[in-house]
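Protein chains: 2
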Amino acid sequence: MEQSFLAYLRGRTRSLPQVEVGIGDDAAVLSIGDTSLRQVACTDQIIDGVDFLSETQSLADIGYKSIAINLSDIAAMGATPTAAMVTLALPKDNATEIAGEVYEGILEACAKYQVAIAGGDLSTHDGVLSISVTLLGTVTDPWLRSTAIEGDAVFVSGSLGGSIAGRHLRPEPRIELANQLRQLAQVHAAIDVSDGFSLDLDRMLAASRVGIELDIDAIPISDAAQELAQTSGRSPLEHAWSDGEDFEIIFTVSEEDAKKLTDAQLETQITRVGTVVGRTGLWKRTTGSKFERVFPQGYIHEATATASES
Amino acid sequence: MEQSFLAYLRGRTRSLPQVEVGIGDDAAVLSIGDTSLRQVACTDQIIDGVDFLSETQSLADIGYKSIAINLSDIAAMGATPTAAMVTLALPKDNATEIAGEVYEGILEACAKYQVAIAGGDLSTHDGVLSISVTLLGTVTDPWLRSTAIEGDAVFVSGSLGGSIAGRHLRPEPRIELANQLRQLAQVHAAIDVSDGFSLDLDRMLAASRVGIELDIDAIPISDAAQELAQTSGRSPLEHAWSDGEDFEIIFTVSEEDAKKLTDAQLETQITRVGTVVGRTGLWKRTTGSKFERVFPQGYIHEATATASES
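Protein sequences, first through last, are from chains A and B. Quick note on my numbering: the first sequence kicks off at 1225 and runs consecutively. Quick note on my numbering: the second sequence kicks off at 1225 and runs consecutively.
No lab work stands behind these hints, which were simulated from the structure alone. It is possible that some hints are incorrect.
[To be verified] Examples of chain A residues toward chain B, derived with CB under 7 Å:
1. GLN1242
2. ILE1247
3. LEU1261
4. ALA1342
5. ASN1403
6. ALA1430
[As the list claims (entries may be wrong)] Across the chosen pairs, the derived CB separations fall in these ranges:
7. A:GLU1374 with B:LEU1261: 54 to 62 Å
8. B:ALA1335 with A:SER1260: 24 to 32 Å
9. B:ASP1439 with A:GLY1273: 52 to 60 Å
10. B:ALA1335 with A:ILE1440: 45 to 53 Å
Note that the coordinates shown come from a computational prediction; the quantities given were computed from them, not determined experimentally. Note that the Cβ used here is the ideal one computed from N, Cα and C, for glycine as well.
Just chain A, same shape as in the assembly:
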């Protein structure tokens, strides 16, 4: 459903001058009067049985995650988070207890990343727990998906794959890294890795109408991916290539800025994985100067379509 419905929605959504970037990036960008500052807003909803399992996961972790996944979108815009609007639909049985436990995690994430809870809504109903968070932030020069330039160096933060082994419960959104990058370099394009490295990389490149020559051997593989590969029947690289919920960021900068970043002391490791090229698609170096096309893989939401594609 999602692709055709999003196409319909984009076609029907009016362009109003206050919205500089609407549906289709990690977050929306709104202009604010005559100032150079912009408001950034993103929304993610998670539902019991679809996006998490309350029977096996701690409610505090689920609450933490509901904030963290939105912070990852804010980081990928190069923005600073300010406030969250938190909406819970609670099962009628034990509603207060559930709300309290979920909020423990929400408050922990908000305290850690200096986010205020500015409002929201609480309802009880006959259904399961769902959490919808709208996170607001500010930015002067937002990082879009669509503005990677031929010749750019492509980096990814942290290491990839295997988050299902535990890291996905307490994602570490790259807010502080984004803050450092903003000061050191001019980021041309960025996206967060939520559905899989290769899939989100491909989305960013497609939005920019460019491709990449990948240095496959450079892709940073997490310890968890190495470990998982021992029993999963898939290689560590396959996990890094396609596992979801890494919540790292992929970004592009000029060659000049790439050198600056490689020399800098950053809060989180970053790794150069390739160079933006004019021909679209993902291209892997084989022998010498030959390249072979490779294809993205990842978690395509079957049950979920995110209007902001976050």
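Fit chain B to the supplied structure of chain A, relying on the hints for placement.
Showing chain B alone in chain A's frame:
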């Protein structure tokens, strides 16, 4: 659950400098850098079986209402709406069809009030339809609930009661009236009428730590309230006093501004219903200069607690 939980939440929510007004007004107010402009944000969630009945109501009406009720909160802050983040949880069966019908109403409301749909989230699940909207706006001097002043004239827009007879399906948020009032007068305090005139009036006065001497005979009673009273066993005034979902605004201004407004041509009728006094509570004039205390009535959400109390 709601009151104790909101108290807990307020106690646990950190005060951060970017949030000027948090949980407890119609909308949150966020400062934006050094500008005098502020961001306003409110959230309302509506769920099938709790807040509407999809079996008897049109999905387009429900979608329209999900935007309009948030617009009413924005109007009560004296703000101008800019963009909406729209999140739908859809039943698995006919998800695309349902989303399409709901969006017809959402798009209609957004077009009418110049609101952009900037993003959101769509999920399908085993449960019923729920719609969560976060609406953003801007304002220079927000109208709060807590700043009514002794001696203020108290006005209400439109007419009250009986919205259940049909008006509640297509509420008319007082965005344009708020815009006119902003230009003509300095509004001291305001609230929107969502749970009943007397209840929301009482909330505004309690937040301001003042009371009102009411001119009960002046309360504008809607035609629908008159009609309903013929069969409901309640008087037209009782309907106007306590019926929910009027989506009018109550506001206070100085005596001087009250004269200006009475003489002005406004887009929507406004009616003076009393004067703010120092002693708390609602006071009804009986004979001569004697006053008798009257008590608020309305729709107290049993199943729903709104963190923003909107």
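task: Report the numbers of all earlier hints that the structure fails to satisfy, in ascending order.
output: 5, 6, 7
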